[in-house]
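Number of protein chains: 2
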Amino acid sequence: MSQTAFRTHHATEVTEALVGQKVTLAGWVDRRRDHGGVAFIDLRDNTGLVQIVIYDEEVARPLRSEFVIQVTGEVRLRPEGNENDHLATGRIEVVVEDLKVLAKADALPFQVSTALENESENKLPGEDVRLKYRYLDLRRPSMQRNLKLRSDMTRAARHALEEMDFTEVETPTFIKSTPEGARDFVVPARLVPGSWYALPQSPQLLKQLLMVSGVERYYQLARCYRDEDFRADRQPEFTQLDMEMAFVDQEDVMAMAEKVIAAIWKAAGYEVQLPLPRISWQDAMDKYGSDKPDLRFGNPLVDLTEYFRNTPFRVFQAPYVGAVVYSGAADLPRRQFDAWQDWARQRGAKGLAYVQFEADGTLKGPVAKNLSEEERNGLMEATGAKPGDAVFFAAGHKESSQLLLGAVRVEIADRQGLLKPDDFAFTWVVDFPLFKPTDDPDDDDVAVGHSKWTSMHHPFTMPSADWIDRFDKDPEHAMSDSYDIVCNGEEMGGGSVRIHRDDIQDRVLNVLGIDPEEAKEKFGFLLDAFKFGAPPHAGIALGWDRTVSILAGADSIRDVIAFPKAGGGRDPLTGAPAPISDEQRAETGVDYDPEEDEQH
Amino acid sequence: MSQTAFRTHHATEVTEALVGQKVTLAGWVDRRRDHGGVAFIDLRDNTGLVQIVIYDEEVARPLRSEFVIQVTGEVRLRPEGNENDHLATGRIEVVVEDLKVLAKADALPFQVSTALENESENKLPGEDVRLKYRYLDLRRPSMQRNLKLRSDMTRAARHALEEMDFTEVETPTFIKSTPEGARDFVVPARLVPGSWYALPQSPQLLKQLLMVSGVERYYQLARCYRDEDFRADRQPEFTQLDMEMAFVDQEDVMAMAEKVIAAIWKAAGYEVQLPLPRISWQDAMDKYGSDKPDLRFGNPLVDLTEYFRNTPFRVFQAPYVGAVVYSGAADLPRRQFDAWQDWARQRGAKGLAYVQFEADGTLKGPVAKNLSEEERNGLMEATGAKPGDAVFFAAGHKESSQLLLGAVRVEIADRQGLLKPDDFAFTWVVDFPLFKPTDDPDDDDVAVGHSKWTSMHHPFTMPSADWIDRFDKDPEHAMSDSYDIVCNGEEMGGGSVRIHRDDIQDRVLNVLGIDPEEAKEKFGFLLDAFKFGAPPHAGIALGWDRTVSILAGADSIRDVIAFPKAGGGRDPLTGAPAPISDEQRAETGVDYDPEEDEQH
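Chains A and B, in that order, give the protein sequences. So the first sequence is numbered by full-length UniProt numbering: it starts at 1 and just counts up by one. So the second sequence is numbered by full-length UniProt numbering: it starts at 1 and just counts up by one.
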C-alpha cells in the first residue's frame, strides 16, 4: 500500500533486495550530515528512516531539518564500514538523482529528530510548548508509536468484540443532565431558548436502554465528558471502551472482558494468562491498602491491631494498627526517614511511625522505646521483617490507615525499582459493598443523593442475590454484583450487573435519598423503560486513555492522546477555550428571558 | 457465543439437530396464541423467533406481550401440518418444562411484534411516540436490522482501512470555534470563566494537523456538530467516516475510498463494480440538473437554448432553456399537469411549461401555441420525445433552471417506479469550481468570508494544478482538486486535495475576504503548522448516517440512528434539552463579568 502519487516505497521498504533499482521516496529531513561536499540525509516517514546521499552541493544546500522532500534515486549498498546495524535500512542508501522540496520548514522551536530522541528525552521543552507545537511533538517516533499502539489496541478490542457478536452502536452526545457523580458540561440549545443539553459522563443510561431495546450485546468507543477540576492526569473529555450484555451474569461479563484484554495485550506482543486472578475488595484493602492493588510485587500489609491490643503506646491504642516492611532499609540515613514523614503529611497523615531492625536484630527507631518489651521482642516475627529491614506503621481509622500503608507499600516498591512498566499484573477486584458513606474521605466523586449513603459504583448497580430482599434494611453491609479490573495499581475499568426492575431501582434510589419526584425528573425514562420488559443485563467499561497509557508505559495519559488539553482545560495549540462574539452569544439563547418573551 | 448464565441457545440456533435435547432459552414474548388450553408463544431474541409450547394453563396465564422470560424444555418436531416454512425454526418447537418470568411488561403503547411488523408498518404511531418509547420502537425487527447493518458497515469500512494501513486517531470534541460554514455549538468552560469551547463541525483542521504531525493515513468515525435550523432530515449531531492521507493526490484518495465503499456494500451482500464512474460537476448540472445526479435511470436534460434562440415565445427568450421528457405521460389528465405547477411553485419556480405529443404526433399543451411552426415541427426530434410523451420545460437563469429540471427528472422517475432502493448507482462528481458566488440561491451553508466569493467545498481546498498561480486573478473560473461521491442522487461524501502551503492558503483566504488578522485569530494554528514542513495531503469524509440510510433503504436517517432527535432538537425520550439549575448555571461561568471580577 506504499505506492502513491508521491512515492514508490516507504523508507523501511528500501531493502537490499532493491539494490540497483530506482525508487522514489517522500518524507521529512530527519538529520543531515555533510562530509566532503556530500550530504547524507536521514529521510523519515512514518515507517522509519532511510539514508539518502546527495552529491550535488547546490541541490543539498537549502535542505534543513523537517523540510518535506521527494527524492528519486538508485538504491546501493553502503560502502563497507558505513553500515548502521541499528537501522532496518542500515545496509543501503539511496543516491539522489532528482530532488523536489515539497514544503519548507522554519527553524524549529525544538528538535524532533529520531536520533536526538533516542539520545535523551531531556531536550524536550515544557508541556505547554509541546502542546502549542503538538504537530511537531507528534512527529517524534515515541509519540508516533503511542498513536499507533492506541490504534492497534482499539482494533484488537474491536475484533475480539466482533467475534463475540457485539453490535457497535453510537449513542448521542446531546443528552439530558443525569446524576453520575460529577459535574456535567452543558450546551445551550438555541432552538429551545433557555434550555441546555448535557454531554454524557458515560453512556450508562443509554446502553441500559439499548438492552431494553433488545440489542443483546453492545459496544462503543465512547467519548465521555466530566467537568471536574483538573487534577493529576485528568482530561475534560476522555474515551471509554463501553460494553453491555443482556441475559448474562457477572461471570459472563468478566469472561468476555478477559478475552478483550488478552486480545489488546496480544496486539502489543504480550500473552496474558486467563483467567485473571481475583481479590475481594475487603482483601485488597486489608492486604494492599488499596481498592486497586499493584500486584507486580508482594510485600502485603500486616494487620497488628490484635498484636497491639494491650499496648502502652498511646498512638497504637487505635481501632486499627497496620505495618508494611521496607526490606533492607534499616541503615538508611535519618534524613530519609524524615523525608518519609513529609511525604506522609503531604498525604494528610500526621506522620509515619517506623522502627528499624539492625543486622544483629536490635530494634531501634523512635517508636521502639514506646513499646512494651514483649511487643519489641515479638515484632520481627509479627511483621515478617528480617534483620536489616525497616517497618512503617499506621494506626487509627482503619480505612485511612490502610490507604496510607498501601501508598507506602507502592512508594517502597518504586524506590526498589519494582514498578517495571512492561510487567503487567492484572487483578479483578470483586465483592464490593453496594453503598459507602457520603463522608468517605477517599471519595473522588460528588455523592449522588441526599442521604448518608451513596453508591459505591453508581445508582444502577444490582445488589448481590442474597441482598436483594434486604439491602435497604442494612445498607452498611449490603454487597453488590460489581467488579473492577486493575492493572499495575491502576483502575483500568469496572462494571456491574445492573438493576433491570423498577421496584429494585426505586428502593436503591430511596436509600440514596433521591425522592420519587426527583428520580422521575432525572431518569424517569429509564424507570419507565423498566416497565416494558427489561432483560437482566450487565456490563463493563474500560477507561481507554488509561488502558493505553498502561500498555504504552506512558507517564501521562496526555502522551497517548493526539490533542490533549493542558491544565485548566486550555489548548495551547488553538487557544481554546475562547470568548465568543456577542452575536454568537445571542444566538445560543443563554440570555433568554421567558418573561420578556411573554410580553411580545 | 450464545451460552450465558440465562440460556444455552439463541432462538434460531434451535434446529432439527437438537430434537430430543433439552435447551434453555431467554427472550421476549413476541406473540401468543391459545388453542385448546395450550399456549403457543413466539419467543423472540435478537436472532429471531422460536415457538415454545406451554401445556400448563396456570403457568401460561400471566404471560403477555413483551414479558421477558426464561424457559427450559425439550426440542421436538412440530406435528405434521403445523410447520411454518417462513421461519428458520419453523419445523420445531420447544415444550416448556420450566418457565421463569424475568421481567413483566405493562400494556404497550404500540405493538412491536415481528408478525405485526411484517403485516404492515402503518400501525406505527407518530414519530414523537416512537421516539418517546424508542426502546420499544428499536425492538421491531426492521429497526434491529438497521442497527445491525450499521454496525456491519462500520466494521467493513474499518477492516478495509486497516488493510490499507490507516491509523485510527481520536480528535478532540472541545475545540476552538472555526468557520466552516454553519453555526457552532458552544460549551461554556467553567475553569476559564467567560470562555467557551466549540464542538467541531468536522475534524477538518485537526486531521490536517495530523498530516503535519506525520500520521500519514488517518481515519476516524467522527461525531460532528452543526447548530442549524432543523430541515428535512438533519440532526444536530451526526457521524462521518473521516479519512485523510499524506503524500497522495486525488486519484490515490478516490481509489482508496472506492475500496472502502465496495467493502461496505459487500458487507450487505452487494458487489460494486470498480472503478466507479465519474462525471464532471458541469456535466452533472447540464445533464442531470444536479450536483448529485441520480444515475439509477437515464432521461437526461435536453439543452434547448440554441433551439429556441429566435423563438417568438417570450418566456423562452432566456439565457437558458432546457427540457426533460416524461415518457408516456401525454394522456395524463389535466389536473395532474396542474398539480405539477403547484409542485414547481413550492420549489420557488413560477411554474412548469409543458407540451404533450399525442399518439399521432400532434403537439398540444399550453406552450404549443406560443411556438413558431418550425419550432413545433422540430420539437419531437430536438427533445428526443416520442409520440405519447410529455415534455417539461424550464427557462431563465441557467443554474436554477437546470436544478428545477433535475428535480422534475427525479420526480418523474419516482412516479414511474424507477427509484428502486436496492439498486445502487454510484458516481464521482469531479472538476468542481474552487469558488462560488456568495449569493448562490442553491447554497445550503452560510458563506465563509466577506467577499462575493465563498468556497465551493471549504477554504482549505487546493486549486487544481493549472490554477495554482492564477486562481485569485479569475476566481469565477478557477477549478479545484475536489470530488464528491454520490449514490442514488444523494451525496454520500466528498473531499479534496488540501492546501499544505501557507502562501497558497493566504491567497485563498484573501479571495474569500478574510483578512490576515481574522485568519490568524481563527486558524492561525494551521497556518503556523504549515511553516514547519507540511506534506501534500488529501482526504475524504463519508456522511455516515446518510450512507447507512442509503444502503438500508431507510426513509430517514432517523431510522438508522439509535436515539435521534425529533424536530427542533428535542428528545421525546429523555426530555432533553431542559433548563438547568441556578447552581449549574452559576458554575458554567456564562454570567461571568470580568469587570466585577476585577473589583474583588
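One should not assume that every hint holds.
Said to hold, decoys possible - Chain A side only, calculated, beta carbon under 10 Å to chain B, not exhaustive: (1) Gln70; (2) Thr72; (3) Glu74; (4) Arg76; (5) Leu77; (6) Arg78; (7) Glu80; (8) Val186; (9) Gly194; (10) Leu206; (11) Tyr270; (12) Pro564; (13) Pro577; (14) Ala578.
These are calculated hints, taken from the structure and not from any lab test. Note that the coordinates shown come from a computational prediction; the quantities given were computed from them, not determined experimentally. Even glycine gets a Cβ: it sits at the ideal position worked out from N, Cα and C.
Okay, the hints, checked on the actual structure:
Here the hint on glutamine 70 of chain A is kept, as its CB sits about 8 Å from the closest CB of chain B, short of 10 Å. Of the supplied interface hints, the one on threonine 72 of chain A is violated, with its beta-carbon coming no nearer than about 14 Å to a beta-carbon of chain B, more than 10 Å. Look at glutamate 74 of chain A: its Cβ only gets to about 21 Å from chain B, farther than 10 Å, so that hint breaks. At about 24 Å, the closest approach between the beta carbon of arginine 76 of chain A and any beta carbon in chain B exceeds 10 Å, and the interface hint on this residue is violated.
Among the interface hints, the one on leucine 77 of chain A is violated; its C-beta lies about 26 Å from the nearest C-beta in chain B, farther than the 10 Å criterion. At its closest, the beta carbon of arginine 78 of chain A sits 25 Å from a beta carbon of chain B; the interface hint therefore is violated under the 10 Å criterion. Evaluation of the glutamate 80 of chain A hint against chain B yields a violated restraint, the C-beta minimum of about 33 Å exceeding 10 Å. Interface restraint check: valine 186 of chain A against chain B, minimum CB-CB distance 6 Å, threshold 10 Å, status holds.
Residue-level restraint check for glycine 194 of chain A holds (minimum Cβ-Cβ distance to chain B is 6 Å; threshold 10 Å). Against a cut-off of 10 Å between C-beta atoms, the interface hint on leucine 206 of chain A holds, since the closest Cβ of chain B lies about 6 Å away. Proximity of tyrosine 270 of chain A to chain B is violated relative to the hint, the smallest CB-CB distance being about 21 Å (cut-off 10 Å). A cut of 10 Å between beta carbons decides the hint on proline 564 of chain A: the least distance to chain B is about 8 Å, and the hint holds.
Of the supplied interface hints, the one on proline 577 of chain A holds, with its beta-carbon coming within about 4 Å of a beta-carbon of chain B, less than 10 Å. The closest approach between the C-beta of alanine 578 of chain A and any C-beta of chain B is roughly 6 Å, which is under the 10 Å cut-off, so the hint is satisfied.
The structure fails hints 2, 3, 4, 5, 6, 7, 11 (numbered hints given earlier, in ascending order).
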